[in-house]
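Colleague: Single-letter residue listing:
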Amino acid sequence: VTAVAPVPGPARLADPPPPPRRLLRRLLRPVVLFVINLVLLSALVFVGAEVLPGNIGRLLLGRTADQRSVDVLNHELGADRPLVVRYLSFLDGLLHGDLGTSLALRQPNADLLGAALANSVKLAALAFAIVVPLALLGGVLAALRRDTWVDRTIIGVGVALTVLPEFVTGLILILVLSLGLKLFPVTASPPPGSGALTQLYYLVLPALPLVIVLFGYLAKLARAGTITALDSDFHRTAVLKGLPARVVVTRHVLRNALLPTISVLGTQAGYLIGGLVVVEILFNYRGIGSLIFMAAQNKDIPLLEVGVLTVGVAYMLLSALSDLIAGLLDPRVRTR
Amino acid sequence: MISRAGIRRLDGVRSQVSAVEGHVIDELLGGRLSRREFLRRATVLGMSIPLAGGVLAACAGPVPGEAPAAPAGPQQAGGTLRNAVNTPTAAIDPTKVADNGGLVTMCQTGEYLAYTDSNAGLRPVLAERWAPDATGGVWTFDIRQGVTFHNGAPLTAADVVATFDRLADPANGSNALSVFKGVLSKGGARAQGNQVVFTLDRPNVNFPYLASSQNYNAIILPASYDPTRYTTDFMGTGPYKFDSYTPGVGASFVKNPTYWDATRQPFLDRVELKFYTDLPPQVVALQGNEVDVVSGISYSAGRGLFTDPAFTPLYVPSTYTRQLSMRCDQAPFTDPRVRTALALALDRPAALKGLLDDKGVLGDDSPFAPLQPATDKTVEQRAQDLAKAKQLLADAGLAGGFDATIAAPRVQEIPDLAVTLQNAAKEIGVRLTLDIQAPNDYYGDAVLGSSPWLDSQLSLVDYGHRSVPDVIANAALRSDGVWNAAHYNSPAYDALFDDYTSQLDVQKQKEAVGKMQRLLLVDTPIIVPYFLDWLGATKKGVQGVNLNPTGQLDLSRASIA
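Chains as they are written, first to last, in this note's numbering: chain A, 6 to 341; chain B, 1497 to 2057.
For the record, the hints were derived by calculation from the structure and aren't laboratory data.
Where is the CB? At the ideal position from N, CA and C, for every residue including glycine.
Just so you know, not all the hints are guaranteed correct.
[To be verified] Here are the simulated DSSO-like cross-link-like pairs (lysine-lysine), alpha carbons at most 30 angstroms apart as the crow flies:
no., chain 1, residue 1, chain 2, residue 2
1, B, Lys1886, B, Lys1849
2, B, Lys1922, B, Lys1884
3, B, Lys1677, B, Lys2011
4, A, Lys187, B, Lys2035
5, B, Lys2036, A, Lys187
6, B, Lys1751, B, Lys1849
[As the list claims (entries may be wrong)] In silico negatives: residues of chain A with every beta carbon more than 12 angstroms from chain B:
no., residue
7, Ser94
8, Gly98
9, Leu333
In isolation and in its complexed conformation, chain B is listed as follows (with noise of 0.2 angstroms):
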């Protein structure tokens, strides 16, 4: 029950909103978004973080914590943070970037317009607000006003529109063009005053989080960005400014004076990266006091970290998950009740316990995880029933079990998934062989025909954290997917996929991803055991690391005692 207090604040917030957002707020009142839901929605649609708080203080109660999780106790100014991480593979080009190791190095100076935080809301960076039309088509952004490059220059609105520009491009090879593509073309962003002005290939309501850094290749660079000269300054607005690189070794950063944000001065002197080949040796480094912090490790490699008192473990709530497909269009799995059997022969609790030790939350075979607003939550849980699942196979004529293979590739823990879901076969009588394939032979040319992944009669695959399902249930289960390893060809998904893409209406979305989901649960072309927890880890007296699940590894609020 709201106050009348709350009704009159409520009515004052109406006449700032547009009518999207009133609609939000109306789906608030009507018990169909929880307030950590309208929160998220409501900042994707540029919805300010005070005025969406207003909006639940006018409901009662204090606004959910949306921030990184407030530090222990006072942090310490001054000091160097030392951070191991993946080394780059490539030469560091903001456009192209595509590993975990570059990633981290860029956003220690670059920023994006909005930050996608470990709750999957969106925090307003560089762009202040925003807000779509009435159709979701054009979206526009208003660009923070008094923000420097390190080079002393204004940041401005053609800035932006030359980034997005640079990144739409199908000319320069940019690593966003996938996310891009049907959502944004070259020229579809232009500068308006202090405003930049989307004019979207086709509706889309998530597109803030493409835009955020969820799109992490989205680091908004000056108009005269030159890639060449990129790692000679790693031109950028946030609060820590270029230092040192040398190629293969690391960096650092130093404390950037003159940040814009008053509310988020850092902390610490000086970043340094430490660039490691391999997981394992970034675990020993923090233990052996050679390094401060740890991020994006895979559990295998850091479990001696996180039951150890000297480090503080880090664990982030992510929808970075694995997926079993399997082949459509190749008997047996052609029968959907042979696939629905496999799935129901997995003890998903059982694996989650054995490989993750509970880092992470269950898979219900669809790309949509808990975490992701639009996951209708309401949708049964799938749960091992070998009884079932046997009786599936007797009536689809394979009582006697049948031998089938299962690819994956040799990352983090998916060869142990193979193991058990192979064992999980045996309980039902299907003889599944391992192929486990170094990444490199596995991916290949990552398109169907030349991929081990794509072609496989069943292939394992791990998707990165992703705040909105679009790019996977696209991607990997429209009957014209391009990463469709299952060859799923369901009219009836495509349409509900594109039903979803097309709604403002955030209860209309929701029906979708549900529709989506059950439809998913009836024929079953992949299992997802599982979303995993993005881990990390930090020495005693460290403060304030926020691991972003993404891969950023945002330390400008970071502390060391």
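Just chain A, same shape as in the assembly (with noise of 0.2 angstroms):
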């Protein structure tokens, strides 16, 4: 027995190909958005750092330097050079493959980015791990007991989760879980040389926060997909067709639900990875949130400059993902 699909086969099969040359425009199109999104966003970085206060020189060494330590220090960055100058110097480097240097550290940029973003990208991974499952399964519990307690405390608690600040929650569970039971370590650095599963260990902590922001968000999300997907023709079908109730759900009403929550994974992801700023502070956590965040307290703008573009390449493979995965799982995507 099989039940109705949520989109007839049909308006697939009346879809002519697409010739070759419309095919070549349509693979391009994202591309090319996706180069001019970038560089709008690294001119605008650019213009925005040039109007943060200070000047790097002054920054580093400290407002009671002398004026010439500091006129010495820019000219030595070239950060006394045209905004315009520094800007295509930037560009220039970037089109031959070279990010540059940071002019706070002195280090390359991309040694700096490799370990922040393998860092971001551990912690986003894990509090991922744990807050999707948890949030459809919350969901859709939410929305199969719609209107019921276990709906309104699901969802309740949820959301009013949501609006504490990661920084409340995180001294909470560091105080609790840290230094009151001793389960976790209060920082998320484990010592050098660790294994896997320790590196995993010291995660934990600073991944519940994340859990805690956007397991409400998403709970919510699913609730409203299942109860669109329990509301559909096709769901009433396979009930009528007597499907038991464990089928229907895991079978049908799931792959329905889970499309607008996964549309929302890929920002949620990007999020993840580039936002992350207070929690990697508050657990000593050498993420690109923090990296970008020290960028531009120095006015490191070359640092800035790459901190933010990979976030934003970031979110953008993220967001093209989320919509392959929607795709995959909805054939009306693909055919959009």
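Two chains, two frames, a set of hints: combine them into the complex.
Modeller: The following block contains the structure:
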């Protein structure tokens, strides 16, 4: 026995295969947009950083440094060149595969970013691995028990926790789970040379505030998607055909309920990679968020640029990935 | 009364010292210097601790303890001490370092000619002794022999000359340039055998402070120093030598088995520094047993540690301070009565208690701190007097009060101090609006005309510890001072400051400072509510950690049980 598919097959069969030129255009279009976005983003960061107060020489040497020393350092770092010259020099380096050097740390940006990005991805992956199944489970359960105390508790608590800033939940978790119960270390950085399991253990506590922030939002989306699916004709047909409830839910409801959730996961993943400044500082973790924060504080524009561009690329790629997954789950997306 | 034996001993000492040092002994004998002040002054002039101790012993009584607090019990050798440190904000280059993280890291391997201890005295380190000429314009330092850098190369006078030339050369962008401005120029230091002779731009009796750890960039480096390679070896002469360094993460150092000072051989095998971006995680790390020591923390961040029996609090008196500048060139603060009224409205003891739990001492509206040797402690302490403050406002034609804005950086307890000042002003009818800004926004370019700190009508700022007041008393209050946020223009003050810096005679210095203190109480261009203690804490079982309010963390005598 097969259930009614959410989208009838003939719609797909009706689409003629795209001619080669149109196919090429369809493939190139997002790539071109991607590049344009990156160029605009890089220009925006350069101009935005320019209006930040102070200059790197003053910021590095401190407010009590002699102005002559500040001028010498700015000259050494090339920070006294016109904005356009610096920007074009940066773009030139980028086109030649050179991500430049951090003005403050005097280290290749590629090295700094590589380590930070790896850390951010690890933390984001763990947070995702915890929150996505939890939120889906919670959302589906809330939808299946719609308007009962189960629904109200899951969604109510989830939404209430969403409004708590990460530094508040992070501090509470440290106080209770680290300092109180001594279950986890207070930092996210394991001793050098630690194995994968130890690294994972050190990352659990920092991941929890992110889980708390994201759970309510994702659970609500999953609940809404599930309710829509439950109210649909194909669900009704599947039930009337006498399919067991478990089969109906897992095979037909979930697939459609996940769609809206998956489409926002891409942007949430981008946030998890690049926007965790507070959590990274609280747990003393060297991620890309705190690296960008430090670069902005020091007006270290080359590092700030490549940091922001990396996060931008991550956002775009993850959004594209979530579109791809949504397409696999829903043929309607593929044909648009 | 000095015994005959004491007089004989003093005569013996006099034969070994210069005329200037002899004068300091006379000041002690005349009762114009306390024993502690004598020791400070004597060490600045280059008198050795044993010699100065001999003078004090001759005057009866033992030498007051100038060394760091003695450990509570026998210290254990070996082990690793883990320290929480602020993440260095830039590549560590000793000539340019301006942040606490960079300073703490580099001072594990580097040493100075002399070390400024927590009592503001000077302990000879790489210089065995020093002495001025009769004017204080030329200072001769004897460089310690038998000291080697960690690569085995001997320390020479040429290394010292190269270090100071590097710092005083405007082409190097050194952070010490502001300290040496008008004092020491490139070429001012020259080697003469085992000695280095500093010929100053103008006489300066406090020069040894400027060549010491007080000037934190003045770590002695090899003449062949290459800033691009420094973080690969942290070359120095200190009790610990380089082991590893990962930018943004941490550093480690191991015991130097060939350390030159037999009396200060390190107990620890290894020192680890863990970098943290903010203070609260450092405190949590100590509580969570991730580190053994935190230093340079604010009271608000560390208050949980100071009352917890699991930790040993460290309080070091300092001249670290806050300063409210009032624009003397902008109405209504052009009238000294208005400025004085605002100063009289503040309840300083309550502010010190409320904001810092008395971890500090009261300020008296001048940059001269009780800890500094030249400060005249007979000058009256300003106290809250609301009736007089209201009367002064009425006399100035402002009985109904006025509106003003107070700008402040978001640094430690400064925003709370701004609120305290706001509430105090309200008591006399003055309505202050707060403008709290991020530090980078607030300091801006740090030059007059493009910095809220230096341009605002009322501005709060923090100044780090200085054993001698010269830099702040000059830059923040002289009419041509580069940090003169009050835009104070007093020829009388300028003349007194010049008089102070030109005096070799400690009593005359003190007289000049006393006059400046009194003048500032009359003119009140600034409000200085308190001087803060430099704070830290260790885990129980850790001993011998020597915090220095300049920012160094001396672990040469530290141990862990």
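Colleague: Against this structure, judge whether each hint is valid.
Modeller: Taking the hints in turn, this is what the structure says about them:
1. B/Lys1886 x B/Lys1849: holds (25 angstroms)
2. B/Lys1922 x B/Lys1884: It holds: about 15 angstroms lies between the C-alpha atoms, which stays within 30 angstroms.
3. B/Lys1677 x B/Lys2011: Judged against 30 angstroms, a Cα distance of about 25 angstroms means the pair holds.
4. A/Lys187 x B/Lys2035: Status holds; Cα separation ~17 angstroms.
5. B/Lys2036 x A/Lys187: holds (19 angstroms)
6. B/Lys1751 x B/Lys1849: Violated. Lysine 1751 of chain B to lysine 1849 of chain B sits at ~41 angstroms, over the 30 angstroms cutoff.
7. Ser94: Given a closest Cβ separation of 20 angstroms, the condition holds.
8. Gly98: holds (19 angstroms)
9. Leu333: Non-interface label on leucine 333 of chain A holds, nearest chain B Cβ at 40 angstroms vs cutoff 12 angstroms.
In summary, the structure is inconsistent with hint 6 from the numbered list given earlier, while agreeing with all the others.
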